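Spelled out from the first residue to the last, the chains are:
Number of protein chains: 2
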Amino acid sequence: MAARQNKTERFMVEELRREREASSLNISELTTFVDAGEMLSERRKQLFDLVVEDPVFSMADTYFMSREESFDDAMKKSVRFVQKKKELDFDPVESEIFKRAITEVLPISVHQDMFIPTIKGQGTPEQQEKWLPLAKDYKIIGAYAQTELGHGTYLRGLETIATYDPSRQEFVLDSPTLTATKWWSGTLGHTATHTVVVARLIIKGVDRGPHTFIVQLRSLEDHTPLPRIEVGDIGPKYGFFGMDNGFLRMDKVRIPRDQMFMKYSKVLPDGTFVKPPVAKAAYGTMVGVRSSIVVSSGQGLARAVTIATRYSVVRRQGESSTGGPEVQVMDYQTQQLKLLPLIATAYALNISGIDMMRTYYQIQSEIMDGNFDSLPELHATSSGLKAFCSYSCCEGIELCRLACGGHGYSLASGLPSIFVRYAPAMTVEGENTVLYLQTARYLNKLYSQKLPSSGLADNVAYLASNYTFQKRSPVRTAQQFLDPHVLLEAYRQRARRMVAIASLRLTEGKRSSLSQSDAWNLSTCDWVTASNAHCHYVVLKSFYSAVQSSDLTGSNRAMMDALCALYGVFGITKYSGEFMTDGYMSSEQVALARDQLYSLLSTVRKEAVPLVDAFDFPDEILNSALGRYDGDVYTHLYKWAQRAPRNKKKVHDVYEKYLKGMLKPTKAKL
Amino acid sequence: MAARQNKTERFMVEELRREREASSLNISELTTFVDAGEMLSERRKQLFDLVVEDPVFSMADTYFMSREESFDDAMKKSVRFVQKKKELDFDPVESEIFKRAITEVLPISVHQDMFIPTIKGQGTPEQQEKWLPLAKDYKIIGAYAQTELGHGTYLRGLETIATYDPSRQEFVLDSPTLTATKWWSGTLGHTATHTVVVARLIIKGVDRGPHTFIVQLRSLEDHTPLPRIEVGDIGPKYGFFGMDNGFLRMDKVRIPRDQMFMKYSKVLPDGTFVKPPVAKAAYGTMVGVRSSIVVSSGQGLARAVTIATRYSVVRRQGESSTGGPEVQVMDYQTQQLKLLPLIATAYALNISGIDMMRTYYQIQSEIMDGNFDSLPELHATSSGLKAFCSYSCCEGIELCRLACGGHGYSLASGLPSIFVRYAPAMTVEGENTVLYLQTARYLNKLYSQKLPSSGLADNVAYLASNYTFQKRSPVRTAQQFLDPHVLLEAYRQRARRMVAIASLRLTEGKRSSLSQSDAWNLSTCDWVTASNAHCHYVVLKSFYSAVQSSDLTGSNRAMMDALCALYGVFGITKYSGEFMTDGYMSSEQVALARDQLYSLLSTVRKEAVPLVDAFDFPDEILNSALGRYDGDVYTHLYKWAQRAPRNKKKVHDVYEKYLKGMLKPTKAKL
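The listed protein sequences correspond, in order, to chains G and Z. Residues 0 to 669 (numbering that gives the first Met the number 0) make up the first sequence, in order. Residues 0 to 669 (numbering that gives the first Met the number 0) make up the second sequence, in order.
The following block holds chain G by itself, in its conformation from the complex:
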């Protein structure tokens, strides 16, 4: 609590104090809005405080650690996390928030995020009864081994096999080739005692496709790998130093029949294979995971833009026209164009994320009632949104880094670590391009079916055959771009046109001599464009709806409306060519959008600092010398550097070892 309460009493640089004093926003109301309501917001603050106050979770030395020290540190934090989790009996949402505060990825996280959910989601009641107590009590720690050295997103290509041996009622798990080696799985390297393995099930020579199994990896006595198991770490990565992403090779490892998860498919003792009744339910989980990536993309970008915004207000560079101190970097229009649309994007992603999670929970309950109607649309949209949002996040983090000039390259800025922390989101849980194309297949299906709008979900109703087709944008003044109807209609028109172009290329390809799959392939670049346009529309729409249905009033409401407009107008100038397709917008209208963009930059500039303050990251969690709440940037960059490992001695060992001989060659050596 101490950290939080002292905020207003502490030292604060003049530049930031002035911005905050001039603000007309109600920051705590905005924080509540971003946190998705008062109750969650309160809980989030309590959990953040718990992390901030616990010295085990301190990040003060994180940037000085070697990768191996990071692993040790992350393991220490894992054990503490488990203690806290048991002690305070976290529910999954609390657990997620607590881990968000810890910031670093914990080597045991896969146990909780994938191992336990797999037992719950795919195990029979007997299997759950056997494994869940062990897992929940951390008597075993589990990983999830799906990806292989040679196989990623394309699941059916997996080479690991599980052959059923009816004579002993066992499965024989095997990695028949080098490329079948399980690879990348977190927690697998040195932490896990068990793992879920995804392998192709072979019964009597028939390939039944990928199924999930549970395999013990290490002795529960002394943690040594079991016979026929080869397991270890895949080696250093860009980030995720504290995670033991691992590899696994199995040399005909035998497991009993009840270690295949059999909630859906079943293998009877004699080897009879029983197909699952419904396959669709599995979609639900993926939608959940992808929605959570949307939420975390918003969080990642919010961190980065908090740092860059505060520092751009503190930092002065260049001559002032009035002869006063140098200009605050944030007052340069070019800096505003870099950062203010990113503030808008951070809000948009956070709020779309919440929106998606809500839809997800709602649809989960529909599924429980046996209603699968909304699932296809949600599944299709969540695929594309995962791609769209994870990319927006990472592109934005890098832009924030660049907007901090040289210091953005120092680990003290926090920005490199944020980038490498969120970058994997572009590849995991479905590679982004592949996911865009999943959404595209759905868009194509709807568009070519020529359904009336009544047959379509809200997000895709613009693809209806009877959709009123506005040939030309009616905009005549820059002001009109502030109207949500105008902006949303522009985004629908753009998306519809991009879908039409891709669809036409596909149809023409099919009509020519091309095979079905070649025709698809040769239209995929256009489909990615279409899919991106669709997702962009959905995010803007979701941002607007959240603001409109919120109880924000006064300045807060006005500022959120401005952020929605900024997000929308910025997109029009960025993708102007797409909005001009088929003459929907003229080059004059794009110029008006640009005028409105610049005007919104001036508006949002005034509240830039309060807007990022509302994300409410404690300094200890933001862990950035540049992004400090008090703006005392240079003192802390300097102090931090003094503590760097390389400065332990005034004369570094390299002098005796290498430099001395060069600077003062001895006679003997000459």
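FYI, nobody ran anything at the bench for these hints, they're computed from the structure. Keep in mind the model is a prediction, meaning the values are calculated, not measured. Hints are not guaranteed to be accurate.
Capping the alpha-carbon separation at 20 Å, the derived lysine to aspartate or glutamate pairs in DMTMM-like fashion look like this [said to hold, decoys possible]:
1. G/Lys649 x Z/Glu67
2. Z/Lys648 x G/Asp221
3. G/Lys251 x G/Glu318
Put chain Z on the given structure of chain G with help from the hints.
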């Protein structure tokens, strides 16, 4: 030599062999073209071989090292580099090539790249006579301290002062504030014995602006910092682990009068200040440094795209329509769109870089003859090109990383290291946005002067008042985009329109109530767009001219023409809104450009591997498991992982330290 000769005899995966056998390109001719001629190409290969064969320069364990181990390693390599340099008497070009092969940044590199050139460029003959022999013989090692904790690109804001004391004929160097601390200077932290310091010269209370001084930092006896000198490392960074970027604080350090470099400005013993005769000459050096960033941007991107291209041919993912093995990732159109324009960009940057270096040398010799006519245009263009090319390079490297899927995130891919190695180029030697605006000021000046084309250099002749203004693009078929005249004219039209828009906003701002500087500020976003369009044109033009004036023939010539067209057409689709401004292109014409783009992807796809082979990076220098010449990717990813530090023990120390207590809580603990 061994490494090079064995290439053809070695094992090679089928996928790569097939591509190479089907090629109709003459690769060694292309290599010579990229190396800027036969003589340089031969020498480059010899120097690369020297590095490859020397175990001290081995990069085999680079990715396993901690930052501190990297520093030790880089210092060891530095000493070896100096030995080789002396032994083989490298000229500056050879030295540059040798360091390029070493790949890692050496902590002594600032000594050679900035310290010695400053003595040469700014020292009087007496100063040169005193300092050059010491420096060249490595009796002293020098850094270059310009940037401060609080000051970067804006030189006049520097706070470090050098006050002349005529009574003792000394300068007193001082860091009066915390923000005056010199920061970021390479070599300064623990390596340098001396440094150039840029400080504001104060004589009798008058501020004479920034000048350069030479200051001793450490004892030549034992390397301890001298009294009143506080020096050290600024702490860990994103990359550049082997470089000791340092800080320096001086507490009224006294140096004799002859330690201010006095080739231009002079301070006489009595404190009389003598201004330099011509200021322009200093521009020359900056042009040189920025040109070298263009060259190295080409090199960085060439490395990344070599890796991603080879791996995309080896990597198979997804169902084949013919029932054969999975599809080679490079055969997906979306993958082609990611990588093939980057191959074109890598060629364009390499070749523009050579072009710029040639122009630079030519203009250097004109300057020697007292002719400064070409300097302003070259200075303006080189600023923008540095920004344009460094950004293209880094954006491209990240795209290559993403195009490699999950494995791109492993250090074994080489891609993270390439990114962090080249990323600083976007900030150093002038922050990119600031540089774009320098170019913009020049473009604005020319455009508003309304000069006839005869008064303008070739690159900017399109801004002439009498430039034939093509209102509409004449293109009617996709084919026409293959014509260099059509493409170049489109780029000129776009650039001219972007300049016109920015210029209009500036003029209107000035006409309204805005101050001069506010009017400029509020037009800067438009000016960055204009400057980017101008640089894009210059690079395309330079790429075309180099190809056209080369002696390439047959398939090589045809492929280079295709790459030029791909580079140009890709730019049109990427920035289509700009090309459609004022109706220059219609949305139908942009669609034709897109058709031509897809058609060029098919053409270039066939030669993708040979095209990157022509960059001729030995495996040892590329240092990538994914980018190996033989394509034996998975074997080497696997072997590499086995050697990772985290796998030294089968049971990691974290088990005893943390996990055991959680998995097997003792009775006592319970």
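Status of the hints after comparison with the structure:
1. G/Lys649 x Z/Glu67: Measuring from Cα to Cα gives roughly 15 Å; hence the hint holds.
2. Z/Lys648 x G/Asp221: 13 Å, holds
3. G/Lys251 x G/Glu318: Given that 20 Å is the threshold and the Cα spacing comes to 72 Å, the pair is violated.
Of the numbered hints stated above, the single one contradicted by the structure is hint 3.
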